[in-house]
Structure formats: C-alpha cells, structure tokens
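Fit chain B to the known structure of chain A by using the hints.
Below, each chain spelled out in residue letters.
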Amino acid sequence: MEAIAPRLFVAGPPPRLVGGRDRQTGRIVFPLPDAPSRFEPLELPPEGRIWSWTVQRFRPKSPPYAGPEAFAPFALGYVELGDMLIVEGRLSGFAFDSLRVGLPCRTVLEPFAGRLAYAFAPVEAS
Amino acid sequence: MSGVAIIGAGIFPFGRHEGVPGLQQGVAAARAALADAGVAWADVGIAFGGSSAAGHADTMVADLGLTGVPFINVANGCATGGSALAAAAAAIRAGQAELALAVGFDKHPRGAFDPMPADWGLPDWYGALGLMLTTQFFALKLRRYMELYGITPATLGRVAEKAFANGALAGHAWRRTPIDLETILAAPMVNDPLTKYMFCSPAEGAVALVLASEPKVRALGAARPVWLKAVALRTRPEGSFEVFAPALAVERGVSPTVLAADAAFAAAGMDRAEIDVAQLQDTESGAEIMHMAECGFCADGEQEAWLADGATRIGGRLPVNTDGGCLACGEPIGASGLRQVYENVMQLRGTAGARQVEGAKTAFSHVYGAPGVSACAILTV
Numbered sequence: 001m002e003a004i005a006p007r008l009f010v011a012g013p014p015p016r017l018v019g020g021r022d023r024q025t026g027r028i029v030f031p032l033p034d035a036p037s038r039f040e041p042l043e044l045p046p047e048g049r050i051w052s053w054t055v056q057r058f059r060p061k062s063p064p065y066a067g068p069e070a071f072a073p074f075a076l077g078y079v080e081l082g083d084m085l086i087v088e089g090r091l092s093g094f095a096f097d098s099l100r101v102g103l104p105c106r107t108v109l110e111p112f113a114g115r116l117a118y119a120f121a122p123v124e125a126s
Numbered sequence: 001m002s003g004v005a006i007i008g009a010g011i012f013p014f015g016r017h018e019g020v021p022g023l024q025q026g027v028a029a030a031r032a033a034l035a036d037a038g039v040a041w042a043d044v045g046i047a048f049g050g051s052s053a054a055g056h057a058d059t060m061v062a063d064l065g066l067t068g069v070p071f072i073n074v075a076n077g078c079a080t081g082g083s084a085l086a087a088a089a090a091a092i093r094a095g096q097a098e099l100a101l102a103v104g105f106d107k108h109p110r111g112a113f114d115p116m117p118a119d120w121g122l123p124d125w126y127g128a129l130g131l132m133l134t135t136q137f138f139a140l141k142l143r144r145y146m147e148l149y150g151i152t153p154a155t156l157g158r159v160a161e162k163a164f165a166n167g168a169l170a171g172h173a174w175r176r177t178p179i180d181l182e183t184i185l186a187a188p189m190v191n192d193p194l195t196k197y198m199f200c201s202p203a204e205g206a207v208a209l210v211l212a213s214e215p216k217v218r219a220l221g222a223a224r225p226v227w228l229k230a231v232a233l234r235t236r237p238e239g240s241f242e243v244f245a246p247a248l249a250v251e252r253g254v255s256p257t258v259l260a261a262d263a264a265f266a267a268a269g270m271d272r273a274e275i276d277v278a279q280l281q282d283t284e285s286g287a288e289i290m291h292m293a294e295c296g297f298c299a300d301g302e303q304e305a306w307l308a309d310g311a312t313r314i315g316g317r318l319p320v321n322t323d324g325g326c327l328a329c330g331e332p333i334g335a336s337g338l339r340q341v342y343e344n345v346m347q348l349r350g351t352a353g354a355r356q357v358e359g360a361k362t363a364f365s366h367v368y369g370a371p372g373v374s375a376c377a378i379l380t381v
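Residue numbers (my numbering), protein chains in the order written: chain A, 1 to 126; chain B, 1 to 381.
Just so you know, these hints were derived from the structure itself, not from any lab. One should not assume that every hint holds.
Computed Cβ-Cβ distance ranges for the label pairs, DEER-style [claimed, not checked]:
1) A/Ala-3 with B/Thr-183: 44 to 52 angstroms
2) A/Phe-58 with B/Asp-271: 38 to 46 angstroms
3) A/Arg-100 with B/Asp-271: 37 to 45 angstroms
4) A/Pro-13 with B/Thr-183: 33 to 41 angstroms
5) B/Ala-308 with A/Lys-61: 33 to 41 angstroms
A few chain B residues that face chain A, going by a derived Cβ cut-off under 8 angstroms, partial list only [claimed, not checked]:
6) Met-116
7) Pro-123
8) Leu-131
9) Arg-143
10) Val-190
11) Leu-248
As the structure is a computational prediction, the values presented were derived from the model and not from experiment. Cβ atoms here follow ideal geometry from the backbone N, Cα and C, with glycine treated the same way.
Pulled out of the complex, with its shape left as it was, chain A reads as follows:
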C-alpha cells in the first residue's frame, strides 16, 4: 500500500516516524523538511506517552480532509516520543473514555483512505 507521504515513517518493525535534526543547532523537528543540507533524517522513538488528547466529533471539511464521507468521531492527540519530540497524530484503538494524559502508546501504521498512514495505539500489556 502506498504511503500517505514519502519519508514520513519507516516500516520497522517496530514502525518509526522519521523526523529531522538540524545539522547546526541539533534541533529536532517532524516531519523531515525537504532541506537535506540543513536537516539530517532521524528515526524517532517508537513509543511514548500521551501529552494531550481530544476527540474530533464533527467531520472535518474536504478538502483538505481525505477520510470517508461516512464519519465516525476519532481521537487524536500529541504523544511525547521518548524525551525527544512531542508529535501530533490520530490515536487508534483507544476507548474514548479511557484516554488520559500520560497513557503509554506506540507508533503503528494503518490504512487511511486507501493509503498507509501513521497513528498511535495502546501498548499491549506484555
């Protein structure tokens, strides 16, 4: 399946998002800017904790939203990946009433509107 964007993630396992590190300042960013002379690619930690969250209760307008016409509310949030970067994404597989700041989660790849996208899912108890 085609990725929703090139150089956004690597499949792993485990899947990881690809950010960038400023070659001069060391500042870490996501997504990786298209400026190879300034930023070097950096695979971000695959796991992290929910930093903030919300539930999208109404269908976003299209464009730019590419989801199906039939809409179901979805969770999204910011996840602090390791101590490296706080990244925004859809939260997949969480019951809405279970969402809390600090919940552990992991990067996953899943289909979205016919392309492969990233999301953050619960970490299964081992």
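What follows is chain B alone, placed relative to chain A:
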C-alpha cells in the same frame, strides 16, 4: 512618550447580516466612530484597517471620501484589529498625523474555518488525516493545561455561562440569551473537553476607532478622551504552543501573550492589580482561563477559585469580557480585537449601561491569533 487618546468609537453590531457586505459594515463603523469623535473623514491624517475574509479595507475610501489619505491594509489574522490599533498609535506618536482611524471588519461563511495545509507551509497529509482544525488546537492546549493545573469542566462551563449573561446586556452582541450552566455542560462535545456552547462561532461585524494626539485632543476640546497608555504587539517565541503544529519541542516556552502583556504593562508603568476591567481573547472557554494567567492576572490554577467565586463577573474583583466576548459576540476575525477596545472605551466613559463596571478607570484588552501573535492594550481615563 507623548499621549494618544481614543476620541471616537463606532461599531456595526456583531452577528449575521444577510446581504450586507463586510466592507459596508466597516464603512458604517467608520462613520459611527467619526460622528462619535465629532470630526470629519477629511480631518483624518492616516488610516489602518483590515479584514481576513471580507475584502481590502483601503477600498472604503470610495465611500468615505477620496481625500488622498494614506490608508494601510493590515492582515494579521485574529490580531488584525490589535495590529491596526498599534500602527495607528505609532503613526501619531511619530508625528505622521494628529488624527488616525483604525478599522476592522469581517464576514465569514458558517461553520468551522477551513484552512488549507499549503497556505500554512504544511504537507498535504496533515490536512488529509483530519488534523488541520483550529478547534482541535484549542482543545489540545486546554486539555494539557487542565491536567497540569487542575482546571475542571465546571470552570469551563462557568466561563460560557458568564459570557452569555454579559452578552444579554450588550447591544452589539450576537448571542443575547443567557444559558444555564447545566445546559452548557450537558451540550454535545465538539472537541473534548469543549461542548458546543464553549466555542465561539465565525461571524460578522465591524469596529472603528478614531485616535488623536494629545495636542489634538486639547484643540478639539474632546469631552471624553480615553487614553491609550500602552499597546504592545508580539509574535511567538521559541517553544510556544500554536495552532497547526505537527510536532512540539519537549522543551516548552511561553506564549506570545505573555510577551505582549509584559510589554504593555512595562510601557504603561502599571501593575496588574491596577486594572479595573479586562477583555481577554475567549475563542473558547479555556482560552479565557489560560489567558487570565498568561496575561498575569492570576497564577496557573487559581482560575478554578476565581470562577467559582464569580471574581470575573461584572461586580467581581476583575470583570472579564463584559460584553460577552467572542463567545457571545462571535468572531469576525478582522474586527474582534477592536471590539475589545470598543468595549473598554464604553466602560471607561461610563456608558456601558446595564453591564457597566462601577467606577472603572483602567482597562486591559488582549487579542490572540494564529500563527502565534498577540496584542495587548491598556486604557485609562
């Protein structure tokens, strides 16, 4: 620093006006402000104005009169009005003009704003995944803040309850029916933890202000000048949490609001405790809560007690958003920041009617917008 006063204020009511272009609403507000100041358009030496979605402010010279006046368009998102005010004051202080006009107006389609990723320098996938919504940003910033500082949903509800109660007393407000706390809290969620009554809606409306230099105030014999003690505009510093951010640095910083508020109080040589009434950007209930602390009126977390005690109601320790703010007035982006200043002018003149804060002598206003810009103004009489 030489004095600058607001000697005229005009408003075109906020809400929905079928068939009335935003630009015409701006013209109406400008005429009202000129009449209120008792001056003619031909007397105005410089003008600043803008809208986000309703056209070019400078084209209103076709209606106001072709006097050759320099008219500069301002496009600074939600801070357009604050930017126009700051520029008008600076022009007077620089001696460019003795009388200046600041005008803001707008007219938006119904429903949430619909920005495109490319216009914000973002990749298409960000919008495709459904992450390109301002309402999400407000909810995400607020959820984090509630977690850190113990703010409860009831406090968010109290902000909205107060807004609609105040809006019922303001002739220029859009939502003029009080809504009780239970209804607000039980309403459908839009973006958790915010229910539909906790968000403002895009709307229409216009505000204009006439500013004058101190010598001009005296020469005109202006009866009720309101002095612009300070106006400060700042953009975001490193580590600020702003809308449409695919990632945030772990090391967090302060917001542009903190910088603008500090600069305004420093320029005015005043303390927070000296402020009698405040208008704070309340795009949603949580924004008012967070901006109370970012502007320095309370410590993080103290809002919980302030709201429970009614400290920000009219009659409370620091009345906030006395005309119902964005929640009751709606948000015409180009006009919102000037509406706050209009309301403060009414309060300081003592002409705010049923919503008058008794004996108000000092007022603060704060506007904030994407992608991280804030303007604060301090007025005195």
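Going through the hints against the structure:
1. A/Ala-3 with B/Thr-183: 44 to 52 angstroms: The hint (44 to 52 angstroms, Cβ to Cβ) holds, given that A/Ala-3 and B/Thr-183 are roughly 46 angstroms apart.
2. A/Phe-58 with B/Asp-271: 38 to 46 angstroms: Holds: the Cβ-Cβ distance is about 43 angstroms, inside 38 to 46 angstroms.
3. A/Arg-100 with B/Asp-271: 37 to 45 angstroms: Hint holds: Cβ distance 39 angstroms, inside 37 to 45 angstroms.
4. A/Pro-13 with B/Thr-183: 33 to 41 angstroms: 49 angstroms, violated
5. B/Ala-308 with A/Lys-61: 33 to 41 angstroms: 38 angstroms, holds
6. Met-116: 6 angstroms, holds
7. Pro-123: 6 angstroms, holds
8. Leu-131: 6 angstroms, holds
9. Arg-143: At about 5 angstroms, which falls below the 8 angstroms cut-off, the nearest Cβ of chain A leaves the hint on B/Arg-143 intact, so it holds.
10. Val-190: Given a least distance of 6 angstroms, the restraint on B/Val-190 holds.
11. Leu-248: Holds: closest Cβ of chain A sits about 4 angstroms from B/Leu-248, inside 8 angstroms.
Comparing the model with each earlier hint shows a violation of hint 4 alone; every other hint is respected.
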